[in-house]
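Participant: As they're listed, the protein sequences go chains A and B. FYI, the numbering for the first sequence is 1 to 550, going by the UniProt record's numbering. FYI, the numbering for the second sequence is 1 to 649, going by the UniProt record's numbering.
Calculated directly from the structure, the hints in this document are not laboratory data. Take these hints with a grain of salt, some might be off.
[Said to hold, decoys possible] Simulated pairs of lysine-lysine, DSS-like, Cα-Cα distance not exceeding 27 Å:
hint : chain 1 : residue 1 : chain 2 : residue 2
1    : A       : Lys470    : A       : Lys450
2    : A       : Lys514    : B       : Lys302
3    : A       : Lys299    : B       : Lys302
4    : A       : Lys299    : B       : Lys384
5    : B       : Lys384    : B       : Lys355
6    : B       : Lys235    : B       : Lys384
7    : A       : Lys281    : A       : Lys216
8    : B       : Lys489    : A       : Lys281
Predicted model, so just to flag it, every value in this text is computed and none were measured.
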Amino acid sequence: MEFAELIKTPRADNVVLHRPFHLAVEGTLCLTGHHLIFSSRRQDNAEELWLLHSNIDSIDKRFVGSLGTIVIKCKDLRIIQLDIPGMEECLNIASSIEALSTLDSVTLMYPFFYRPMFEVLEDGWSSFLLEQEFELLSSVTNEWRLSCVNKEFSVCPSYPPVVIVPKCVDDDALRKVALFRHGGRFPVLSYYHKKNGMAMLRSSQPLTGTNGRRCKEDEKLVNATLRSGRRGFVIDTRPLQVAQQARAKGGGFEQEVHYPQWRRIHKYIERFNILQESFIKLVEACNDQSHNMDRWLSKLEASNWLTHIKELLTAACLAAQCIDREGASVLVHGSEGTDSTLQVTSLAQIILDPRCRTIRGFEALIVREWLQAGHPFQQRCAQSAYSNSKQKWEAPVFLLFLDCVWQIHRQFACSFEFNEQFLIMLFEHAYASQFGTFLGNSENERAKLKLPQKTMSLWSWVNRPEEMSKFQNPLYEANSLVIWPSVAPQSLQLWEGVFLRWNRPSKFLEEAEKERIHIIKYNKELQAKVNALRRRLAELEAQQEEEEEA
Amino acid sequence: ENVRLLDRLSSRRAVVGTLYLTATHVIFVENGSETRKETWVLHSQISSIEKQATTATGCPLLIRCKNFQVIQLVIPQERDCHDVYISLIRLARPVKYEELYCFSFNPKLDKEEREQGWKLVDLNEEYNRMGVPNNYWQISDVNRDYGVCDSYPTEVYVPKSATAHIIVGSSKFRSRRRFPALSYYCKGNNASICRSSQPLSGFSARCLEDEQMLQAIRKANPGSDFIYVVDTRPKLNAMANRAAGKGYENEDNYSNIKFQFIGIENIHVMRNSLQKMLEVCELKSPSMSDFLWGLENSGWLKHIKAIMDAGIFIAKAVAEEGVSVLVHCSDGWDRTAQVCSVASLLLDPYYRTMKGFMVLIEKDWVSFGHKFNHRYGNLDGDPKEISPVIDQFIECVWQLMEQFPCAFEFNERFLIHIQHHIYSCQFGNFLCNSQKERRELKIKERTYSLWAHLWKNRADYLNPLYRPDHSQSQGTLHPQIAPCNFLYKFWSGMYNRFEKGLHPRQSVTDYLMAVKEETQQLEEELEVLQERLANLQKSQSGNNKVKSKQQDQSKKIGLYTSNNSLANTPQEYSNDLKSFPSRSPSQGDEDSALILTQDNLKSSDPDLSANSDQESGVEDLSCRSPSGGGCLPSEDSGKDSDEAVFLAG
């Protein structure tokens, strides 16, 4: 297919662009295969807006006489309005945008066409390999092994080719366990707590069904992570009732009789359409132009978004508490083990592991616990809060996770190497990007699409020093401790950086951020100067003494 | 003895200690631990005491404080509990000013220092700074002996064309004789903010002098041919007042006024609203919905926004339209004070400095007869008179600080300490209901000034992001008006002030303050080093030997680094864990390796009602500034800072 076929009017002049908190600008609008480009072309202050078609969530058009107006709502929650003279041009442009923003073939997406303008210093596709992770692990314990049982994605299509499992469980046993777990997602190591040797595993639900099927190998696998005489915790992200109902469909949960050393805790975390609706309602509330304070608070409340934040954080804290405080191993799963499970395991690691609070550590966490672990990004992030499509598999699971990270970040402002912008950037790229990183739903699909060969990795770009510097938290000081966030309602806030990003005045907040950076930078410069002077003085003094001795 | 102090968020955590009652404080001293942690509460801070049903373990006593601290005690003997209860009821409700703490409080300053302290804020100087007296405004001595209005100051600024006759005439037509007087004058365009009480217009009454008075205000601003008259009450309330012979200005009777209602609710509504919000804050483990719903239901943020909107309206009229404004409500000492001070703060960057803010409170609140004694219940009085009027103003300032992080010289702690001392009665500033009463009591001779105290510790109250040359620090602030409801947020730093577990563990402000302090040390050291280098080079050329002296400087570098360690334990994320063999919370602080030295502990305000031992500071500082930028010692945290321990751990 040629993109040109979809573009009936590639260019329109005298278009007026409206954005909140900006003056309206007149300029030229161009459509290309992947971008909407608006250029003001004014000599004094040329302004350009590049918008990926894949970033467009919905588009509305209306007419007043021959003047058409297109309102474009983006997946990053921005809303822009374009006034286009000429009814035909406007209709053409609107239909082109609509078609180009809803391409159904992945291989037509921009990452397959994007050619980087920067020099690739490090290929992000191979920056975070599980083998490296395992090497680190081997230096502290020999109880685990790398298994290639899933090499051809034959045991579990949503798992990566290599996984870390207890040493005492062989590949044959793993195959059997895979048959006992939903989607073949057998328990694998998610995190090893060096401090006390406790492990966090994740999996999908066991397929016990109504007649209480059991699997000896599964029991052996999970028990292998326990110290003798100690118990472990299963954190099930469904309420008990839902877990019980799942048995009718062949699913289920670990029963005490068969897992006597494990204690099950049900911590309900909302998923799928409920989450999506919550997201839509929240964004609606944030865009509400009403003057009424009560309405804002009740809409915020009705969206339930902050309730989901609180529930998720609580579950993650609980998992972390079991590991660090109770000295117990933990197994986390819900039904499929690709959504709420990953939210819990990744947040628990941020609480427990200082490494996950560094930039590279956090990137590794995203790769390990989300991309390789088979979170179906392409399904979940196909549409954002403005879409009307209401597909069952669309859900802001990853955004909810990022929001929780932000909440912890806010409470421990000096313990993270990255800043808020880094989290916002990840949100944007998960929904629309020039990079291939978040395409596909699993490693399996990514391999089939040959993404590493055909597209650029987000990490190749982000990890360049120029980009990295934008995402560094000036206040960062490595904090080796476990950080326990507060989950009280008073401590949780709306993530303004994402939800109010386009409809609040940000100038003063940006100035404040600049000032913060300035204060730290000036301090560091002074430190360097003082140290240099000290050295120089010491040298001179030594020299003088020598002279005297001589 | 053997009193148990409960932790509100977690019934599991309680400490045993001894309760002492003194003439001024309730003191709880923890048993056992080496440090014997203490919790001090001023009697004047006590807002209510509640005796609850006796349980097997003893008799519970709940003490709520005006600074939003809530203390729960269990006293083993019912009789003791009753005695304590009766004593506290009496002690918390003094009937004479002389019983208040400020008359016994002695910060060990000599007479001269005390006098100096009172001179720190000088209103005459302030009016001069604004640019009055001038061609349009003069100081009037009509209220010399409080003869015209006993709740006004002796010195009032009025338009030059307003004769004593007009003033007195106008005062007779205004509630409590609070005639229109100058609150703020804008040097740049001659526009002004004046304040008064409501006119006694009833349904049809007029007063020639009052009309002349408003005319005079208009004439004092030659650039504009009308003035705004802003009635800060809801229209319905104002109309109801007409039946009582009061009311509002009729546009037909006054030439060239534009009349405007701004619906801010009265003190009773505000009192109930705060009450409702505090109930939400006190909920045990509320869900997100409980909290948001309760917050909305209290209407608190709506009221805050109404006050802000009024201030924004006036600031806009003065700065952008160059029109003078007369503000009143009913008596002109509550809503009027709020609105005038918010508008001044928006208009004039001076009020956003530490000194300027003190001046502002002194000008719009203290001098113009805001009834501190009645509103904040310093002496036993009518509970219906109590209302968080100035608390709301202080919150407005905080909301502005959130929107304009670089615009204020002071930080959140400054606001919280001022709020604390409005209720503490430790300093004389906010005693009584008017200047007249304060003079009669000889406050300045018998008590100390809070402003001097705050000024002395000003390093603790600096906003590290403030730069006088910054664009936000200059000119008028233009906050977003509606529909930006989301800009108004719940202030947990104030209303959940004592539940430290709810607050961010690492304070950006404190961190930056520590960095700035270190930067200053570095600057000094740099200078010394450069000097030494120059000397050395000189002496080297002359072959003289210079002995080095200042090796010790180097120690200071890196003072703040690595001090961000955190000590905390998990909250009760699940009840399920309780039944399981759990490692006791007291055991598990192995990761809380605090790298803090005692000399980092510096309490900024040892006189606040509280715990004076250093142990409590450790936790605070571990998550705050290592330079000890002054955590409130009254805020207390035990071993588990996230458990929101109110008192001694």
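Participant: All hints, please: hold or fail.
Facilitator: Comparing the hints with the structure gives:
{"no.": "1", "hint": "Lys470(A) / Lys450(A)", "verdict": "violated, 30 Å"}
{"no.": "2", "hint": "Lys514(A) / Lys302(B)", "verdict": "violated, 32 Å"}
{"no.": "3", "hint": "Lys299(A) / Lys302(B)", "verdict": "holds, 14 Å"}
{"no.": "4", "hint": "Lys299(A) / Lys384(B)", "verdict": "violated, 33 Å"}
{"no.": "5", "hint": "Lys384(B) / Lys355(B)", "verdict": "violated, 33 Å"}
{"no.": "6", "hint": "Lys235(B) / Lys384(B)", "verdict": "holds, 22 Å"}
{"no.": "7", "hint": "Lys281(A) / Lys216(A)", "verdict": "violated, 46 Å"}
{"no.": "8", "hint": "Lys489(B) / Lys281(A)", "verdict": "holds, 19 Å"}
Violation of the numbered hints given earlier is confined to hints 1, 2, 4, 5 and 7; the remaining hints are satisfied by the structure.
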